[in-house]
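Build out the structure end to end from the sequences listed, making use of the hints.
So the sequences go chain by chain: A and B. Per our numbering, residue 3 is the first one in the first sequence, and the count goes up by one each step. Per our numbering, residue -5 is the first one in the second sequence, and the count goes up by one each step.
Simulated from the structure, these hints should not be mistaken for lab results. One thing to keep in mind: the hints can contain errors.
To be verified - One side only, chain A facing chain B, incomplete, derived with CB under 8 Å:
1. 62
2. 68
3. 83
4. 85
5. 87
6. 114
7. 120
8. 222
9. 224
10. 230
11. 241
12. 242
13. 313
14. 367
15. 368
16. 371
As the list claims (entries may be wrong) - Footprint (simulated), chain A over chain B, 3 or more residues, beta carbon under 8 Å:
17. 70 to 80
18. 102 to 114
19. 143 to 149
20. 239 to 246
Since the structure is predicted, the reported quantities are computational estimates derived from the model, not experimental observations. We treat Cβ as the ideally placed atom computed from N, Cα and C, and that holds for glycine.
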Amino acid sequence: MSEIELNRRQLLAAGAGLALAAYGVSGCTVGRPIDRSAAGNIVEPKIDGDLLIYNWAQYMDPAIKKDFGEKYGVEVTEVNYDNLEAMMTKLRAGGNYDLIFPSGEYVNRLRKEQLILQFNREGLNNVDDISPFFQAQWFDPNAEFSLPYTYYTTGIAWRTDKVDTMTESWNDMSNEQADGKIFMLDDFQEGIGQANLINDFYLNTAKPDQLEVSKQTLLDQKEGLRAFSTNSSTNLVSGAAWITQAWNGDLVYARNQVDDPSIFAYETCKEGVPVGTDAMCIPVTAKSPGTALLFMDYLLAPKNAFRNVNWNGYPQPVAGGREAFAELVKDEPSIDVNLDELKGGENEFRLDDPEARKEWNRIWTEVKA
Amino acid sequence: MRTERFWNWFLAPGGVWILLLFALPLGLVLALSFGSVDDFGRGVYGFQLDNYADVFNAVYAPVLLRSVGYALVTVVLCLLIGYPVAYFIARFGGKWRYVLIAALVIPFFVNYLVRTYAWVALLSDEGLVNNAIVDLGLSEAPVQFINTPFAVIAGLTYGYLIFMILPLYASIERLDRSVIEAGRDLYGSSFQTFIHVTIPATQAGILAGSVLVFLPTVGDFVSAQLLGGPDTYMVGNLIQDQFFAASNWPFGSALTVVMMAFLAIFMVFYLRRAGKGEAEAVI
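Here is the structure:
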């Protein structure tokens, strides 16, 4: 018994110690201060060292890296992250990556946090042909911190051999023909976003009463769901999904997996088509920012965009990339997007207000709970 | 005395290891659980209780209850499957017993995530099992196995079964056979002997196995994520989402601390029972 008491006392002491430690670090941010001395510099496109790319896996044609390395005599290395939060954590800890591929939202956060470098587009060869919508998006209004890599739209994919009552509306997410065979993207913005569009609200609404209505929509939709998942192509190919909310790139992938691609169709919805961008940025801690900028320009060259799109199946909003994607989806043109229709940008996800972001996350968690 | 001090130094590497890679990170999690999130979505250490107030929001009660419920069912299933297996190997395995144990352990060298993906491939609507069912005419339409609570529990049971079998095997193997013979001598049927002699005598293994299965199962997120449906959200998924999707590390930390405190209750209960069992054994 005395032994247990001793343990208890030790436990209390340890607890008090930890509480003291907690009090000691109070006010500090997770991570350590990093060297931001380069933050004011404007990067020029010139070779200044080997290139370290930090990217999603399977997101870039390795041949492009190889060719670039041979042309400029540098070593190109790629390491991967499996979510953007992990990427942010590494950057905040001072990781020396030269090139990253964040979504628009993350570009916004990186820019505000001074974690990415400014550059001048004037010295670049392939930026003039970027589709107008992607020239200067909300997260980088002066087009000085990012270049577009790929873009994606959100719509609904379905099995043409199982379902024949689609209506080009987000209401198809509760189509009774596919009851219990419907998947919703496991992504708080996509989930709440489509509910907002059904209710005719602004995609990024922060109004509490509107969000409450959309939450109810989601809870109603949940009744007919089979699961929340972002593995849309797997769910389609395995036969689990008859209807699934999906990014257009996943459809290209799913259709490549089966003998008869016509069983998978895709629709964009009349209430609104959410569109997202993955951009290219240079972290403030980059060792070879000039090489990185040169490589970004190289990726946007028509020849490289063409082979990259053919390799990963995601559309790129530049010459070569547009044509390659149109060719990839010529049997199911709805997967492609008319870039001219994207003006205005009201269907881009942007939750710049931290409070709104928290509120959206709370609602999403409560829906899933 | 001097030699004792010498041997104490052997604790140092392990002690440093535990301190740096276990106690310190745990302390950071605890500290962050009192923190908040800044405008960039970064965790900021602080001293406030908001995150704990959120943890005890009624909305999350079903998630916690569900996790505990799944874990309890998993423990029972592991016991029902694991006991006969352990019993057979320990008592009738003979010279094959180590081979049999190895055969059980080797699949667990493969990453849990990969093994769970294999279940998805096997049990999906157009997977191997369903193709066989339809081809054999057992059912006209494929049976929906995955994306159900049953699939989640099956995944958990498969994932943690070995943690039940090994302690059971150890305690059954140690069981003195003459005790069973004595039970039979006293006119107990095989069944009665099993219930009144074998099970009480292997109680320590049952308890250890149950705790070893219960603890990781409550916090599991892989099974629910890959095999679950819309209503199988577990506390592990909730915590994972706070870190990787919601950028709310402080809330995720508070959830972690509360879950650990809750599990510690079971651990203390187990240690006391185990301690008592040992004392009785000495008497």
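message: Of all the hints numbered above, which does this structure not satisfy? Sort the numbers upward.
response: Those not satisfied are hints 1, 2, 3, 7, 8, 13, 17, 18 and 19.
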